[in-house]
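When you get a sec, could you build the whole thing from the sequences and use the hints?
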Amino acid sequence: MPELRHLVSIDDLSLPEIRALFEHARQFAEDPRAWSHLCPGLISASLFYEPSTRTRLSFESAMLRLGGGVLTAADMKSTSASKGESLADTVRVVGGAYADVIVLRHASEGAARLAAQYSPIPVVNAGDGAHEHPTQTLCDLYNLWLERGRIDGIHVVLAGDLRYSRTIHSFVYALARFGANIVCTPQPGFELPGYVMQRLREEFGVEPVRADASRLGELAESCDAMYLTPQKPHQLSLFTEGSKGLAIERVDALYMTRPQTERFTDSDKPITKYQQLGLRQMNAASLKDAVVMHPLPRRDEIQPELDADPRSIYFKQAARGVPIRMAILAFLLGRIDLKVEPKPADGRFQSMAVGPNPCQNPTCISRTETRHVRPLFRLASRFPIRAYCGFCSHELAAPFIGCTTTGHFHERDSTAARKIRPDHIVLLRSEAEALEAGFVPAAGAAATP
Amino acid sequence: MPELRHLVSIDDLSLPEIRALFEHARQFAEDPRAWSHLCPGLISASLFYEPSTRTRLSFESAMLRLGGGVLTAADMKSTSASKGESLADTVRVVGGAYADVIVLRHASEGAARLAAQYSPIPVVNAGDGAHEHPTQTLCDLYNLWLERGRIDGIHVVLAGDLRYSRTIHSFVYALARFGANIVCTPQPGFELPGYVMQRLREEFGVEPVRADASRLGELAESCDAMYLTPQKPHQLSLFTEGSKGLAIERVDALYMTRPQTERFTDSDKPITKYQQLGLRQMNAASLKDAVVMHPLPRRDEIQPELDADPRSIYFKQAARGVPIRMAILAFLLGRIDLKVEPKPADGRFQSMAVGPNPCQNPTCISRTETRHVRPLFRLASRFPIRAYCGFCSHELAAPFIGCTTTGHFHERDSTAARKIRPDHIVLLRSEAEALEAGFVPAAGAAATP
Amino acid sequence: MPELRHLVSIDDLSLPEIRALFEHARQFAEDPRAWSHLCPGLISASLFYEPSTRTRLSFESAMLRLGGGVLTAADMKSTSASKGESLADTVRVVGGAYADVIVLRHASEGAARLAAQYSPIPVVNAGDGAHEHPTQTLCDLYNLWLERGRIDGIHVVLAGDLRYSRTIHSFVYALARFGANIVCTPQPGFELPGYVMQRLREEFGVEPVRADASRLGELAESCDAMYLTPQKPHQLSLFTEGSKGLAIERVDALYMTRPQTERFTDSDKPITKYQQLGLRQMNAASLKDAVVMHPLPRRDEIQPELDADPRSIYFKQAARGVPIRMAILAFLLGRIDLKVEPKPADGRFQSMAVGPNPCQNPTCISRTETRHVRPLFRLASRFPIRAYCGFCSHELAAPFIGCTTTGHFHERDSTAARKIRPDHIVLLRSEAEALEAGFVPAAGAAATP
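Chains as they are written, first to last, in my numbering: chain B, 1 to 449; chain H, 1 to 449; chain F, 1 to 449.
Check the hints yourself; a few may be wrong.
Just so you know, same-sequence chains aren't split out, so a pair can sit in one copy or run between any two.
Stated by the list, open to error - Each computed EDC-like pair below joins lysine to aspartate or glutamate, with the alpha-carbon atoms no more than 20 Å apart: (1) K269 x E203; (2) K232 x E17; (3) K288 x E221; (4) K316 x E85; (5) K316 x D413; (6) K77 x E50.
Just so you know, the hints here were simulated from the structure itself, not pulled from any lab data. Quantities reported herein were computed from a predicted structural model and do not represent experimental measurements.
Here it is in structure tokens:
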């Protein structure tokens, strides 16, 4: 009986595991119909709380190609959920005997994390709100790996709406983790958000550099191109030419995204002319060998004239979602052995036994589900204490910290707070909340008079 | 070619057949993935006229585990039915070549009975309105049988809303049939309805006895506990202590149900505090070894703190729905032989060739379908004639009885009415109806002047 | 690797191919569960942009019987399509790796033709608006072939709504192509439309003859029966008796249709009494051996009393949809070899590289999809140029013809227009349109001053 593994976030996989999955996917893709001996008798259950036909069919195709069976609940929201069942109960029932792996799509951020806490069988996150969609990211990386032979050190241009695209954010973190260089040529007004930049800095040491994107031609004409690289600043100076920024000579892949209009807010300036990719843009010198990627569905941001261009791989890219999902399912079901070191358990996840939920994100599963959810956080830094919601990854505002052993609470930046063991930490949003949760001010803590 | 069998009601199965199905289910459960050789090439069709994801997935999982294929119509109501096709026609088409067994869920009571009349392949009732859900009942019995080794003579407490729960009513009849003792500790105001008690008396000879539920503690605190037993009254007196009622010493299983709020009417008093099961309630002396069951989904009537208690088997209970449904499907498809006496055909079902439909239940299939339905009744008693609708099981009010051979009609309680052969009986709701259907008053019958 | 074939229209198949498919279907039907070795590892994807449970289940049953897997998107319209993806992109993604054959149902006429242009895997048209439903037609023909041993020369009566039934129109063309004799006994006011008659004349040389339907009895009582035959007029005179018309002696099949009320317009006179088929109507002398067919679902046009009549084959007819679809899928997937001459590619289809879309049918896919659609037409006659939309088959009104080589445009009936090579033709609806598309008037063309 192999250890129970889930795929909630791409961070659940180590780099060697990801590479091993790529190798298996490539093998599967050679003859996708030759692997039906891998999972006969096994069943995947597609639990989709919001519709996503493409993602669902891709997973179900993968399971069928592996010889397994498929249970489909394409519209969970209007059926089971309407009877008031909690997600935790649903996965315990479905995971009890119905299926051998759960493929979960949900509108609430962190839903897959919660499901994984309760499910007796592997859970694959097929998209949780605006949070993560790890198999899409794996598919994108797999495409780069196939097309370029490697990911570290290659140059990837990201264009379009970099602000609201969940796909782009996950992709950016993954590229940084693999050591790729990223060039951002966003639609003006839709640059990478600050919290993404912050995580790139904190977790991967990536600092933005101004980029000289003149060789990108029209594509970068009206935007401020930015260069994100895992290389050390002193190395960069070799390539950077004064005020013009780091030169973009040769691009390996150009990743285009559609405007995520459904997430636009009133404060976003209306887009009069969205970036478009056509043969003219692709004539730029540096794009000569760049493969063109897109997570699809596209609207008008890639012109049909590009479809026949050999550099356009977006349909291949989507097709490759099947073998990579075959690899993921076969791995989680214990039918292939990756023979590499797994990712060690993430010790930074801490469950809060007492106190109210510190997460204020209204679409976090910890807020939309009222039962079976115990607050969870991930420590980003200890001095001062900075934490993210363990479900939705939003930053938690917690000016006060309680300690479950002493029963005291402290100001976040105090010396006392620093000394609390992570598994004793309770994040508190106010003194009132601290008192209500039964904590008393520490001697020396400045309780408001 | 085995005889065509359906599972419309649990009464379609003999007790030896049910026990044989349990044996097969237990065998299947030992390794659910080892039975895919049983039904390859066979197809089940889920025809769901109202959504029920859990039930559907449970059946489909069972069919996949048996190596069969699955056709899914999760939302028949808004598709085929909207084109005005009768249920009788639909099952004839689907049963013609599309599938080998039909799993039917329908909002109208009696729908599965009607479908079984026309289908050339086995029909399994997966819930027909508020009427029956035999595989749920079989699953519940199977759980008792597994946990306790037998059903006859065990003590089962039923708590919560016993009035509107279809599951509870079917379960009660089945427990009585198997010889189990039932203790009712209902939510006050939501006791077992009179017609359920009547059937328990008439069919199984079960009389309610007052119960001394003091050893049930908090659970029975605010309700009048009732004891239903197949034992003879004189035997009971040995256990009953005067006015306190029959003592509840040791409970084998506690079955909790959620409030069926969707069926509440204006005359029901609002529930301010619904029964809740937590560790405190389970501390009662008599519940020390009781397994806790629930048909799920639950809301708040079972507290999460109980989930980890070894007596809580509600998730196991749901999981066991798969092997029991594997046994049912394999049996109906003729792939396992139960090697026991089948239930003899129920001679009490009579079809009415003439006259209007005597059933007045507006959600009975005989009323909601206008085509291909010939009135059907089941005689509960002959002297005087009392009958139930053969579809929805509601009692039929028929003060007059016609005879198809003589062409006469009679008052229900008359000597002449008693002599009519069951298959010649026509149930009539008024003299006017009798006359309109072409019957003439019998000599001696008191026709209104 | 066999050549990529689609089934968009029944015209995509040659008569020998159709007969070979019938032979395979008959073989499959002998034991439908014995063919699961044909398509293991292969996957069909049901992409249904409008619901049609019966058609979908029939195809999915066929694929499961062949041992293949099934992906179901029963409600594409409210899922993927809502994200604004074009049909052309969807089939490229699904056809990329998800599936091996696409079964497409769409509300827009010509959708399957468009899908076939882009799909890398076979596309089967499972109904495109009011246009075609070739597998239904093949199923109907297969029934005739099975019941009568042949199709050419048999007599088929078509009754009911012949005006709005898509099924009837496709069936009529196919019967003409196979050389069957057709007797129309329509609901008065719902005769075959003029454009159907025109195509029968133009493509199959079929001329309507008045029919003496007195031997059809009640069925033809209130309508003007019409006889459509592929035989030469001088031969007919042998059978025709003056003003009474051609005598109907013996009918092989009677095809009844329901009123397509959903397509009625305000100008249709309300139907007070729709044709009904019961035992009385079937007593007519000529119908003694006629099989009764109906595409189902029926409403009241066939009375339940007929269900038990051995001539009623409508449920068998529906059941036979499975083996014929097994044959179609196995053929398109390259798993059976028909060993006959395929239909030569239809040279009459021409794509228009310039100019606006000449099709004015608002429900044609060329109008409802704005991207990836290049106007397509089929030449019905060259002198004068008459053309049909290559997607929806509606006639195109094009008084002016442009030539892509000369850049000139001409009046449709001019000598110059006649000389343009088909693949250089551009259909233009007005001079203004011609000028706007960059054409100049030909010398001698009468440009409006």
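Here is how each hint holds up against the structure:
When the C-alpha separation of K269 and E203 is checked against a cutoff of 20 Å, the pair qualifies neither within a copy, at 31 Å, nor between copies, at 58 Å. Taking the shortest Cα distances, K232 and E17 never come within 20 Å of each other, neither inside one copy (26 Å) nor across copies (68 Å). In the homo-oligomer, the alpha carbons of K288 and E221 lie at most 20 Å apart inside one protomer (17 Å), although the nearest pairing across protomers, at 76 Å, exceeds that limit. In this assembly of identical chains, the alpha carbons of K316 and E85 lie at most 20 Å apart only when taken from different copies (17 Å versus 39 Å within one copy).
Proximity of K316 to D413 under the C-alpha cut-off of 20 Å is found in neither arrangement, the shortest distances being 51 Å within a copy and 48 Å between copies. Within a single copy, K77 and E50 get their C-alpha atoms as close as 7 Å, and across copies as close as 14 Å, so both meet the 20 Å cut-off.
Violated hints, in rising order: 1, 2, 5; the structure is consistent with all others.
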